[in-house]
Amino acid sequence: MAGDLRQQVRQALAHPHLPAALTRFSEDYRSSRARAYEGIDFEALRSRIAEVKARAANRLDQLAEQFAGAASARGARVVRLHTAEDVRRYIADVAQRHGARLVVKSKSMATEEIHLNAALEAAGIEVRETDLGEWIVQLARQRPSHMVLPAIHLTRDDVAGLFSRETGERLEAEIPRLVQVAREQLREKFLRAEIGISGANIAVAETGSLVLCTNEGNARLVTTLPPVHIAVVGIEKLVERFEEIEPVLAALPRSATAQQITSYVSILTGPAENAGGGPKEMHIVLYDHRRIEMSEDPLFCQALQCIRCASCLNVCPVYRLVGGHVFGKVYTGAIGTVLTAWIEGWEASRGLEQLCIQCGACRDYCPAKIDLPELILEVRRRAAAAAPRPLAARAAFAVLSNRRAFHSLLRAASLVQKPLAEGPFLRHLPLFFTEAGKNRRLPALAGRPLRDRFPHLPQPRSERRVAFFAGCLIDFVYPEIGEAAVRVLNRAGIEVVFPEKQTCCGAPAHFSGLPDAAAANARDNAEAFSGAGYEAVISACPTCTAALCTDAPRALRQQGEHDLAGRAEHLAAKTVDFSTFIRRLVEEGALRLPAGANLPPLTYHDSCHLKRTLHAEQPPRQLLRGAGYELREMQESDVCCGMGGSYSLKLPEVSSAMLARKLRMIAATQAEGVALDCPGCLMQIRGGCAAADAPVRVHHTAEWLASLLEATD
Amino acid sequence: MVEKFRRSAEAAGAEVVESRAGAALAALARLLRDEGVGTQGRTAVWPDGPLQSAFHPGLLEQMLPGVVLDVTRDTAAAAYAGITEFDCGVAATGTLVQDASAAAQRLASTLPPLHIALLRADAIVSSLGDALRRFDPARMPFLALVTGPSRTADIERVLTIGVHGPRRLVVLLYEPEGRHGR
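In the order they appear, the protein sequences are chains A and B. Here the first sequence is numbered in my numbering, starting from 1 and rising by one per residue. Here the second sequence is numbered in my numbering, starting from 1 and rising by one per residue.
Don't take every hint at face value.
A short, non-exhaustive set of chain A residues, derived as facing chain B with CB atoms under 7 angstroms [as the list claims (entries may be wrong)]:
no. : residue
1   : A50
2   : V159
3   : G161
4   : E169
5   : A173
6   : I175
7   : T207
8   : N215
9   : R220
10  : L221
11  : I261
12  : S263
13  : V265
14  : S266
15  : I267
Calculated directly from the structure, the hints in this document are not laboratory data. Glycine included, C-beta positions come from ideal geometry on N, C-alpha and C.
Whenever a hint applies, use it, and build me the whole structure from the sequences.
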């Protein structure tokens with residue numbers, strides 16, 4: 001399975017058109033979406049949407065009943081169905097009763113989910129998608145690769161080829177002409193079809209209304225021209241009251257297509273008059289495959305809040321490299337990973353969840369405030385629990401949970417690697433790592449880890465003390481970052497202690513979906529830091545900080561260890577990331593940073609955890625500027641560098657592509673140095689610069705600050 | 001409000017024409033003439049609405065050659081223009097809102113390549129929410145919101161105006177008979 005996924009990923013990355021098209025789209029999307037949301041308080045809007053949809057998700061069954069009652073009272077035939085087969089059969093029956101030979105469809109993800117078209121075609125009924133993108137992929141006999149832009153993976157030449165085959169006429173790859181051809185071809189179908197099938201963007205329980213949004217006008221024609229209209233609606237589309245349409249309509253076009261509103265919004269409440277006279281025969285299929293079960297799961301019920309805008313696809317640094325055919329099945333991207341797990345099962349989502357690098361961008365943009373990274377992590381946990389763990393992984397995590405064994409192994413490894421090390425980098429890597437090493441030089445393990453150096457650091461005695469949480473990378477690979485942090489803290493008159501029994505923060509286990517190993521780490525750290533005598537616990541790795549502050553207490557509670565969870569919470573309350581703490585010291589007046597001279601211009605890289613989990617992207621910038629550094633902001637400074645912990649080893653091709661982009665952004669600033677606050681990002685970016693022979697120095701903020709202290713000593 | 005509506009509608013790709021008080025019919029006639037309706041063999045379909053019913057059908061026939069009041073699938077599909085009357089407009093987005101329960105309204109506003117939307121200048125509200133609150137969905141099976149002409153970006157994300165719906169939307173804002181000044 002893993003091999004198959006990597007093969008698909010490689011093919012997607014090598015595609016001549018796809019990654020470039022999706023990347024251009026993601027760049028345009030960021031700016032055009034920002035323009036569409038000008039003047040709107042996005043946080044307030046999405047809180048409202050989350051509240052409306054969460055309330056609905058809690059009462060899906062009742063709302064479905066209420067909807068059915070209201071719509072039936074208006075003359076619609078409403079039916080609640082639970083399996084794909086039931087829906088296909090229902091629609092086939094309606095078609096047969098009317099002797100229908102031709103069906104026209106407007107966009108409906110629910111009908112994709114049940115594979116409706118194939119079933120109707122097997123029954124001898126011609127089905128025409130009328131949304132242009134959907135029609136194109138129908139002609140290409142492919143799945144849509146994006147929920148809103150289904151044919152984004154195809155070029156105008158591809159479309160010209162498809163339309164030429166369809167019309168029997170040789171067509172040039174000229175877009176206005178191709179659109180005109182689509183208009184003519186489909187117009188004839190609209191006028192001839194006996195049945196129109198649509199989805200719905202929103203369903204209102206109070207009134208029995210359906211809301212359909214399109215830009216093309218095809219939903220209007222699908223619901224107006226044919227004498228029969230069948231709407232297939234997943235029950236997660238339900239909201240309780242008519243007025244609740246407003247916030248969803250405010251967000252959906254803005255997040256989906258960066259518009260204030262789509263060209264057409266049609267609100268249907270029961271059957272309207274038919275084009276030929278007489279009432280239309282209107283069927284509404286409320287589709288409930290697995291939705292009620294999802295709504296009963298305390299974690300996954302929030303996935304029902306989705307308004308199908310596809311923001312999560314548009315801001316995902318991985319999706320834009322591989323596209324929806326790799327990163328999804330019926331539903332794609334982050335939400336697709338979660339829905340696939342429920343709709344098709346945990347097995348089906350196993351490859352998909354591996355693609356998520358957990359950068360958190362999707363969570364920031366979701367207009368329904370769904371914690372997508374957490375849901376994907378839970379999919380990962382359940383998939384890991386369902387499958388037998390491979391021996392190597394079990395061994396690795398057994399070691400990771402045992403502090404003494406882990407640290408002994410690392411010390412031994414640092415000796416073993418000696419023949420392979422060339423200065424600070426590993427020269428040749430064992431086969432397993434070669435893909436990872438292509439665009440990135442990996443660092444050598446430090447000869448003397450931080451924990452060994454600590455007792456010998458010359459520190460002044462002081463009343464004020466903090467404890468330092470090193471984390472694996474700073475302890476064993478970059479001890480100089482720890483030393484720099486200590487020097488800066490000393491300058492503020494603070495003594496730093498290093499509790500020896502500290503171990504891995506638990507993030508690697510947590511992100512691999514192994515909660516018991518993560519809990520073992522959390523236990524060790526809670527005990528190691530249970531001493532008094534320090535006012536704070538400083539961490540210079542935001543992944544560790546986030547793990548200690550949020551995941552560790554939760555992991556212990558989930559294992560039922562409430563006392564230890566209490567101690568972990570105590571530790572969490574005292575834990576601060578390095579730059580936030582230093583800024584506090586500067587504001588207190590305890591630390592005065594000397595203004596340096598002749599400093600190299602820097603650019604700053606935002607680590608995912610520092611910015612999106614800890615919301616601490618300002619302190620490092622303020623400190624560096626305050627110290628006299630010129631900061632040149634790079635484009636996409638907050639887009640993931642591709643490290644993702646073990647991600648860079650599991651999906652090295654994706655990691656490399658993300659790193660390459662980050663290096664291009666850095667080069668464009670012409671800065672001489674990169675500042676960042678995460679040793680993981682540092683490993684990735686410094687390794688990439690070295691492999692590319694880029695003359696850019698990459699250092700932790702602590703090091704850039706500490707170097708000023710030397711200069712002025 | 002009118003100014004804001006105009007800016008929003010134009011930003012969404014519509015053309016906005018204002019007519020003087022009481023001169024709606026003349027403005028419509030001029031617009032149709034400019035578009036070749038009634039002269040170049042082109043027709044325009046116009047389903048029932050409050051403005052239309054203010055005039056005698058004989059007068060309409062005289063002033064607006066090429067206008068067809070009997071709106072069917074065939075007449076709408078063959079027409080060059082469709083004229084429909086909207087109940088209100090939204091200044092924030094340039095949106096037109098209509099009770100489009102009568103099929104003729106939808107045929108006229110979707111099938112022909114040119115859509116002429118008639119809107120009273122005093123029927124413009126500020127926000128989408130304001131507009132929705134004016135309508136009771138229980139009373140109308142089809143409530144239509146129209147903003148600009150039809151469009152797509154499904155081929156290489158290149159924006160193309162005019163897919164299944166109209167290629168052009170002209171909004172004719174008019175002051176109803178009997179109002180003094182603007």
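Do the hints match the structure? See the list:
no., hint, verdict
1, A50, "19 angstroms, violated"
2, V159, "5 angstroms, holds"
3, G161, "12 angstroms, violated"
4, E169, "17 angstroms, violated"
5, A173, "9 angstroms, violated"
6, I175, "5 angstroms, holds"
7, T207, "5 angstroms, holds"
8, N215, "5 angstroms, holds"
9, R220, "5 angstroms, holds"
10, L221, "6 angstroms, holds"
11, I261, "5 angstroms, holds"
12, S263, "5 angstroms, holds"
13, V265, "4 angstroms, holds"
14, S266, "6 angstroms, holds"
15, I267, "4 angstroms, holds"
In terms of the numbered hints stated before, the structure departs from hints 1, 3, 4 and 5, listed from lowest to highest.
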